[in-house]
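> Top to bottom, those sequences are chains E and D. FYI, the UniProt record's numbering numbers position 129 of the first sequence as 129, with every residue one higher than the one before it. FYI, the UniProt record's numbering numbers position 152 of the second sequence as 152, with every residue one higher than the one before it.
Some hints here could point you the wrong way.
Note that identical chains are pooled: a pair holds if it fits in a single copy or bridges any two copies.
Said to hold, decoys possible - Below, simulated DSBU-like cross-link-like pairs (lysine-lysine); rule was C-alpha separation at most 30 Å, straight line: (1) Lys9 / Lys299; (2) Lys107 / Lys85; (3) Lys85 / Lys108; (4) Lys61 / Lys107; (5) Lys232 / Lys61; (6) Lys232 / Lys351; (7) Lys290 / Lys16; (8) Lys232 / Lys346; (9) Lys75 / Lys57; (10) Lys151 / Lys237; (11) Lys237 / Lys290; (12) Lys31 / Lys299; (13) Lys332 / Lys107; (14) Lys108 / Lys8; (15) Lys31 / Lys351; (16) Lys299 / Lys23; (17) Lys57 / Lys290; (18) Lys9 / Lys351; (19) Lys232 / Lys57; (20) Lys8 / Lys72; (21) Lys344 / Lys108; (22) Lys23 / Lys332; (23) Lys204 / Lys151; (24) Lys350 / Lys9.
These are calculated hints, taken from the structure and not from any lab test.
There are 2 protein chains.
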Amino acid sequence: MLLEVIGKKAKNASRKLAVTPEKIKNYALEKIADALMTNADYILQANSLDLEAGTKKDLSKALLDRLSLDGKRVKAMADGLTMVKGLPDPIGEVLGEWRRPNGLRIKKVRVPLGVIGIIYEARPNVTVDSAALCVKAGNAVILRGGSDAIKTNVELTRIITAAAYEAGIPEGAIQLIEDTDRSSAEELMRAREYVDVLIPRGGKNLIQTVVSTSTVPVIETGEGNCHAYVEKSADLKMAAEIVYNAKVSRPSVCNAIETLLVDEAIAEVFLPPIKERLAAAGVELRGCPKSRRIIPEIKAATEEDWRTEFLGLVLAVKVVAGVDEAIAHINKYGTKHSETIVTKDKGAMKKFGAEVDAAAVYTNASTRFTDGFEFGFGAEIGISTQKLHARGPMGLPELTSYKYIIEGSGQIRV
Amino acid sequence: MLLEVIGKKAKNASRKLAVTPEKIKNYALEKIADALMTNADYILQANSLDLEAGTKKDLSKALLDRLSLDGKRVKAMADGLTMVKGLPDPIGEVLGEWRRPNGLRIKKVRVPLGVIGIIYEARPNVTVDSAALCVKAGNAVILRGGSDAIKTNVELTRIITAAAYEAGIPEGAIQLIEDTDRSSAEELMRAREYVDVLIPRGGKNLIQTVVSTSTVPVIETGEGNCHAYVEKSADLKMAAEIVYNAKVSRPSVCNAIETLLVDEAIAEVFLPPIKERLAAAGVELRGCPKSRRIIPEIKAATEEDWRTEFLGLVLAVKVVAGVDEAIAHINKYGTKHSETIVTKDKGAMKKFGAEVDAAAVYTNASTRFTDGFEFGFGAEIGISTQKLHARGPMGLPELTSYKYIIEGSGQIRV
Chain E
1 MLLEVIGKKA
11 KNASRKLAVT
21 PEKIKNYALE
31 KIADALMTNA
41 DYILQANSLD
51 LEAGTKKDLS
61 KALLDRLSLD
71 GKRVKAMADG
81 LTMVKGLPDP
91 IGEVLGEWRR
101 PNGLRIKKVR
111 VPLGVIGIIY
121 EARPNVTVDS
131 AALCVKAGNA
141 VILRGGSDAI
151 KTNVELTRII
161 TAAAYEAGIP
171 EGAIQLIEDT
181 DRSSAEELMR
191 AREYVDVLIP
201 RGGKNLIQTV
211 VSTSTVPVIE
221 TGEGNCHAYV
231 EKSADLKMAA
241 EIVYNAKVSR
251 PSVCNAIETL
261 LVDEAIAEVF
271 LPPIKERLAA
281 AGVELRGCPK
291 SRRIIPEIKA
301 ATEEDWRTEF
311 LGLVLAVKVV
321 AGVDEAIAHI
331 NKYGTKHSET
341 IVTKDKGAMK
351 KFGAEVDAAA
361 VYTNASTRFT
371 DGFEFGFGAE
381 IGISTQKLHA
391 RGPMGLPELT
401 SYKYIIEGSG
411 QIRV
Chain D
1 MLLEVIGKKA
11 KNASRKLAVT
21 PEKIKNYALE
31 KIADALMTNA
41 DYILQANSLD
51 LEAGTKKDLS
61 KALLDRLSLD
71 GKRVKAMADG
81 LTMVKGLPDP
91 IGEVLGEWRR
101 PNGLRIKKVR
111 VPLGVIGIIY
121 EARPNVTVDS
131 AALCVKAGNA
141 VILRGGSDAI
151 KTNVELTRII
161 TAAAYEAGIP
171 EGAIQLIEDT
181 DRSSAEELMR
191 AREYVDVLIP
201 RGGKNLIQTV
211 VSTSTVPVIE
221 TGEGNCHAYV
231 EKSADLKMAA
241 EIVYNAKVSR
251 PSVCNAIETL
261 LVDEAIAEVF
271 LPPIKERLAA
281 AGVELRGCPK
291 SRRIIPEIKA
301 ATEEDWRTEF
311 LGLVLAVKVV
321 AGVDEAIAHI
331 NKYGTKHSET
341 IVTKDKGAMK
351 KFGAEVDAAA
361 VYTNASTRFT
371 DGFEFGFGAE
381 IGISTQKLHA
391 RGPMGLPELT
401 SYKYIIEGSG
411 QIRV
């Protein structure tokens, strides 16, 4: 088994990396950034082969765009590395310390997770920034990118590992599975002996496959069926700005909204102008019966629409009786990602914050802020939509675990 | 599907329980404790039916003992409830709060996990203490105990739920799956829509089955292949006390040691007397070639022995060249549970603490302290041997997640 070799190397490297000083990790990140810039031509050359193959295979324009690199994008990757270098090293942080009546001194210390597997699709930047974040948090990483970007990924990994190992990062800390057969991904998903956690980065199908196949613990990321709820006391001008921004500013991302919930007390005032504005931006609305009585020109929403992350210029619209109905709708159809209420009512605000089950619950702000950078984490490896381990944007601390170090003086348990 | 009904009820209850005040949760715990005492006769009656069936089925004495209740054990369950009642409510704790340059105020708040599934074997006390811990941490719980204890569990759940719901806990917060067919456990392991996390409590086989079958996130608990390493500078009297305590005080539990590692510099002095003392307690030693040159009367250890959690009076013995070999052996064969070094050497102490990959790493103390009560958590739902979410003893905070509550004043993302 190929993965046994890769897994063992990663495990060994992870033990050494766990005790590698911050200085060496930072030096390696700097060297990787330099190497990317110096080797930009090789990267672009490999990338053009992937693009050529992709064009022949008739990949969609969106996919080709995600796959394609240019000088600016390589520079952006290098800048990302420099930024990760600047973040504080989470490893060794003392999370708690106390003494027991029997004299035992217990210290809870932050340690790396160990070996992290990343399964992703055609974005080559995932190769670089996953490697950077994992290494900075002291983890070995096994990368398994999609076949469409394989030549680019092989070249990137060659450059990254050469620079990293020369800088003192243990060999085996960063590895790419070059076999892009489905079976290689499945092997990775079952490699409990070597891999401590798997993070899938990509679309819904990829994530569902990983979740249902993997025996390695998974952090589920990304799917965002998000809502904006305009409560009856809302500043309607603010509400319109927030709804427009949350839908239109970048409709293809997970923190964009997919459904607008409007209080029935203000629906007649709020819906017609926002409908005009959204339509002008190319947004197709699909409404519940009540909303269609106010703006009859829109299509009817189906049950399926409430569940759908459109990832495009479609917005479902529902008129609700009040905050309770809004919360019930969100908790029924949402994916626990990001939800916002626009309101002036402190009670509604509090209720919405407490009862909506989501990673990020906003009052009077766009859902688009759910992001490691916008939260001030300085980095992001994904947005967790599960509740175990990490929730919402995941930065460096979310790539760590902890251990208890206990000092005694001969204590035995009686 | 039965589980759909149970799952929906649990999910609904979990939403209400997440915002149920501490006072009501504590009142319910008190009422459950009272109800257990008042209904002790019914519990013992149901238990005697299970014991009768178990005897007919020729269950082992150990299993029958774990299954059996008496007045004292019922009292112990009630006392456990009172103790959980006294613990601080973790829900609502603000874990962090900061303001972004754009004025957004981000608050990280502790919330319940949601719905917790517990899969366990024949210990009826797991029914009571899982329910207590889950409810106190604001979670709904779905219990799936083994068939051998089913009559006891049904009776316990009847009493618990009646008392809890009367005290104001939402209906559906505590449910037992009465169908003890394997298929009902499998359904629970795949109920991602309703269950946020599964905690298996039991032997290695149960845990392995849950880990490999479950698509619901699992917290792996319990397997402990633990080691004591006597370093050459150790106080040998202290070392003997620790080794004896870690092996003999309760050999059937996960924090007992299974292998003794001894520095070759002191092996000739240390091994003969500890062997005598352990043999007198009925412990069978199995040694590496070097150790058998010193104490030739012991059996040879096989490769399998290094991997085995004996859970009984067997101890593997290996002579090692120093701290590096000890660490390498532990990281190769250990289950990341509890490890101890006995030493006076600060350098060895530090190296062992940093490089041994385990939930609890001790210096000069018995491994037997890895336990929620001994750590001062006041409770324990299990000892996690994985690194994701929780590591080591899990108390109330480990049964929670968090959410971000973000207050804005009209912020949109540009």
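> Indicate, hint by hint, whether the structure satisfies it.
Now the hints, each set against the structure:
no.: 1; hint: Lys9 / Lys299; result: neither (56 Å within a copy, 34 Å between copies)
no.: 2; hint: Lys107 / Lys85; result: both (27 Å within a copy, 26 Å between copies)
no.: 3; hint: Lys85 / Lys108; result: both (25 Å within a copy, 25 Å between copies)
no.: 4; hint: Lys61 / Lys107; result: neither (53 Å within a copy, 40 Å between copies)
no.: 5; hint: Lys232 / Lys61; result: neither (42 Å within a copy, 66 Å between copies)
no.: 6; hint: Lys232 / Lys351; result: within (15 Å within a copy, 61 Å between copies)
no.: 7; hint: Lys290 / Lys16; result: between (62 Å within a copy, 29 Å between copies)
no.: 8; hint: Lys232 / Lys346; result: within (12 Å within a copy, 65 Å between copies)
no.: 9; hint: Lys75 / Lys57; result: within (28 Å within a copy, 70 Å between copies)
no.: 10; hint: Lys151 / Lys237; result: neither (49 Å within a copy, 62 Å between copies)
no.: 11; hint: Lys237 / Lys290; result: within (22 Å within a copy, 81 Å between copies)
no.: 12; hint: Lys31 / Lys299; result: neither (55 Å within a copy, 54 Å between copies)
no.: 13; hint: Lys332 / Lys107; result: between (41 Å within a copy, 24 Å between copies)
no.: 14; hint: Lys108 / Lys8; result: within (28 Å within a copy, 37 Å between copies)
no.: 15; hint: Lys31 / Lys351; result: between (50 Å within a copy, 29 Å between copies)
no.: 16; hint: Lys299 / Lys23; result: neither (59 Å within a copy, 49 Å between copies)
no.: 17; hint: Lys57 / Lys290; result: neither (46 Å within a copy, 63 Å between copies)
no.: 18; hint: Lys9 / Lys351; result: between (50 Å within a copy, 21 Å between copies)
no.: 19; hint: Lys232 / Lys57; result: neither (51 Å within a copy, 65 Å between copies)
no.: 20; hint: Lys8 / Lys72; result: neither (36 Å within a copy, 50 Å between copies)
no.: 21; hint: Lys344 / Lys108; result: between (42 Å within a copy, 22 Å between copies)
no.: 22; hint: Lys23 / Lys332; result: between (48 Å within a copy, 28 Å between copies)
no.: 23; hint: Lys204 / Lys151; result: within (24 Å within a copy, 43 Å between copies)
no.: 24; hint: Lys350 / Lys9; result: between (50 Å within a copy, 25 Å between copies)
When each numbered hint is compared with the structure, violations occur for hints 1, 4, 5, 10, 12, 16, 17, 19, 20.
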